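First to last, the protein sequences are chains A and B. The numbering used here applies: residue 720 is where the first sequence begins, and numbers increase by one. The numbering used here applies: residue 13 is where the second sequence begins, and numbers increase by one.
It is worth saying that the hints were derived from the structure and are not from the lab. The structure displayed is predicted, hence computed values, not measured ones. From the three backbone atoms N, C-alpha and C, an ideal C-beta is built for every residue, glycine too. Check the hints yourself; a few may be wrong.
[What the hints assert, rightly or not] List time: in silico DSS-like cross-link candidates among lysine-lysine, alpha-carbon distance up to 27 Å:
#, chain 1, residue 1, chain 2, residue 2
1, B, Lys56, B, Lys27
2, A, Lys790, B, Lys56
3, A, Lys819, B, Lys27
4, A, Lys761, B, Lys90
[To be verified] Here are a few chain B residues that sit away from chain A, every Cβ distance over 12 Å (derived from the structure):
#, residue
5, Gln62
6, Arg76
7, Ser107
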Amino acid sequence: QQQVKQSPQSLIVQKGGISIINCAYENTAFDYFPWYQQFPGKGPALLIAIRPDVSEKKEGRFTISFNKSAKQFSLHIMDSQPGDSATYFCAASKTGGYNKLIFGAGTRLAVHP
Amino acid sequence: EAGVAQSPRYKIIEKRQSVAFWCNPISGHATLYWYQQILGQGPKLLIQFQNNGVVDDSQLPKDRFSAERLKGVDSTLKIQPAKLEDSAVYLCANSDSRSGNTIYFGEGSWLTVV
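Generate coordinates for the entire structure from the input sequences, incorporating the hints supplied.
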């Protein structure tokens, strides 16, 4: 019930294309769903996050789509750039308690010029 | 606002030796986490502090790992004795309700056990 399943493990996209990464969760008590971006040798950094009261959130080229009934959420990167090449992690937590983040296994994105 | 500081950044030790990692969190952030990230996997929570009290250490291998947070500020994570499977990046993170509970990570301490 604590798992967050992420797919695909790796993704290759051409510059200008759309990158899509999917996550599914089991615990219906989760109410906060962030995406983190991690470059080699660095710690994860918050990219964008959503709460289940909305179905979509957009920040620049990054959009989260959220489907509460299916217990799924996804990250869309529009107009993907080589600088977006990184590992992306979805996560989930229940913020009413002690804000413990459960991470997916990660997706390694490579954007080719 | 200064970020989360961790040291050392890199450490190589032999199995059965001990190692300690230090974390200096963002000033005033009450919640501090230690995560373990094995190569190719997502971060896994080892221990969570609220101020200087432990609120979750359910996934901490307590026979070899220990952690403390002094005066609700800095924290240390110790491994003794280390095993080969402890090779990982140890990430310190913190959050605070004033920042909307966003969790901020340090750059990590890379441990290789040989």
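Of all the hints numbered above, which does this structure not satisfy? Sort the numbers upward. Those not satisfied are hints 3, 5 and 7.
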